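A.B. asks: Guided by the hints, dock chain B onto chain A, whose structure is given.
The residues making up each chain are set out below.
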Amino acid sequence: MSNSNKKEVIISLKNVTKSFGNITVIDNISLDIYRGETFVIMGCSGSGKSTLMRVMTGALKPDSGEVIIKDKNIATARDSELNKIKKAAGMLFQYSALLDSLSVKDNVALPIREHTKLAENIIDIIVKMKLSLVGLRGFENYFPSEISGGMRKRVGLARAIALDPDIVFYDEPTSGLDPVVGGVIDKLIKDLSEKLLITSVVVTHNMQSVFDIADRSAMIHKGKIAEINSNQSLKKTKNPYVRQFIEGNPEGPMNVFHDIDIQDVIE
Amino acid sequence: MKISEDKKNDIMAVSVSGEINIDTSPDLRKAFDQYAKQGIKKVIIDCANLTYIDSSGLATLIELMQRLKKIKGELKICNLAEKVKSVFEVTKLDKLFDICSNQEQAVERFK
Chain A
0 MSNSNKKEVI ISLKNVTKSF GNITVIDNIS LDIYRGETFV IMGCSGSGKS
50 TLMRVMTGAL KPDSGEVIIK DKNIATARDS ELNKIKKAAG MLFQYSALLD
100 SLSVKDNVAL PIREHTKLAE NIIDIIVKMK LSLVGLRGFE NYFPSEISGG
150 MRKRVGLARA IALDPDIVFY DEPTSGLDPV VGGVIDKLIK DLSEKLLITS
200 VVVTHNMQSV FDIADRSAMI HKGKIAEINS NQSLKKTKNP YVRQFIEGNP
250 EGPMNVFHDI DIQDVIE
Chain B
0 MKISEDKKND IMAVSVSGEI NIDTSPDLRK AFDQYAKQGI KKVIIDCANL
50 TYIDSSGLAT LIELMQRLKK IKGELKICNL AEKVKSVFEV TKLDKLFDIC
100 SNQEQAVERF K
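If you read the protein sequences in the order shown, they are chains A and B.
Going by numbering that gives the first Met the number 0, the first residue of the first sequence is number 0, and it counts up by one from there.
Going by numbering that gives the first Met the number 0, the first residue of the second sequence is number 0, and it counts up by one from there.
With the rest of the complex left out, here is chain A:
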């Protein structure tokens, strides 16, 4: 972690619960994320990890508990405050979420045009700087359909850091990419965190990514934290849920098939 000696809490969840209907997806979760660290949230499909990230980004309001980002409770923040907090956070979506009708340049410029009144010439320069940081200088006038999946992710990343955020949320950043390109994206995430002192929150189920980029990781199972580990302690953990996940073992406490009640099928 770049700023490990400071240990300044930048995101704090306190007893956060979120349900959809009668299904509790996030169950009384509390955790702190520190400035400058890369914090990975991992778990099986349906574990609640993506919902947890959506709660952190303010896209979903929790039913109870507090989500404090940079000392502001986003669950109770007014719209103007929430917008300010959202401006301080970037997001890389699972499928990059680029607008196909816009060039690479205009996709990266989008949040700058939306949130600032900067002159077009200044925006152009910022876009070039951001594309340079992700190794895509010269691709300004390409359209998303003309570039590879890995490049689209990098454009998404350039857009996520367009407004110099303190925090970047990554939703499955390497999904759908081959291992080599996935490794490139992981390296970028780590580099940007270290160079720009960005706090990175990454949702993934790619174990290689976890080992490559995480300062700390939280394993989510059935809406609860099974364990939080540093990168070193993760490899040695004896927590049966985490071990099963790391080893990709179909047998273990997370018995996903047996967790499905046959009664559900009949009903």
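Keep in mind the hints are simulated off the structure, nothing from the lab.
Watch out, some of these pointers could steer you wrong.
Said to hold, decoys possible - Away from chain A, derived, C-beta distances all over 10 Å, residues of chain B: (1) Met-0; (2) Lys-7; (3) Ser-16; (4) Lys-36; (5) Gln-37; (6) Lys-71; (7) Glu-81; (8) Lys-84; (9) Asp-93; (10) Asn-101; (11) Glu-103.
What the hints assert, rightly or not - Rough simulated footprint, nothing fancy, chain B against chain A, three-plus residues with beta-carbon under 8 Å: (12) 118-124; (13) 128-136.
Stated by the list, open to error - Computed list of lysine-lysine pairs in DSS-like fashion (alpha-carbon distance at most 27 Å, straight line): (14) B:Lys-69 <-> A:Lys-104; (15) A:Lys-86 <-> B:Lys-29; (16) B:Lys-94 <-> A:Lys-104; (17) B:Lys-41 <-> B:Lys-71; (18) B:Lys-82 <-> A:Lys-127; (19) B:Lys-91 <-> A:Lys-127; (20) A:Lys-223 <-> A:Lys-6; (21) A:Lys-6 <-> B:Lys-84; (22) A:Lys-104 <-> A:Lys-60; (23) A:Lys-127 <-> B:Lys-68; (24) B:Lys-68 <-> A:Lys-116; (25) B:Lys-94 <-> B:Lys-40.
Every value quoted in this text rests on a predicted model; they were computed, and no experiment measured them.
Cβ coordinates follow ideal geometry from the N, Cα and C atoms, glycine included.
C.D. replies: This is chain B only, laid out in the frame that chain A set:
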């Protein structure tokens, strides 16, 4: 952000204090517009009291450099604090700008 200007002979020395960010960089750009109107070709940005610069601030400096190059002028940047200097290094702009230790060195390099 505060800007103070000191013009000696044909050199404009600009001391910028506080933060150059999305909210303040347009004011800096307005000051630079005036220099262009006045035909100033040699500019020093003194960052001794600059505490933070974001991408919009860096872009504003790049634009100034582009403008000056067009009229065969020059831009020097000096007195960068470590924290601000690291922003230039991360973005590799330390290679693009002529960064000097202080105003005296900057003036010397114009010659």
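A.B. asks: Are any of the numbered hints broken by this structure? If so, which, sorted upward?
C.D. replies: Of the numbered hints given earlier, the structure breaks just one, which is hint 22.
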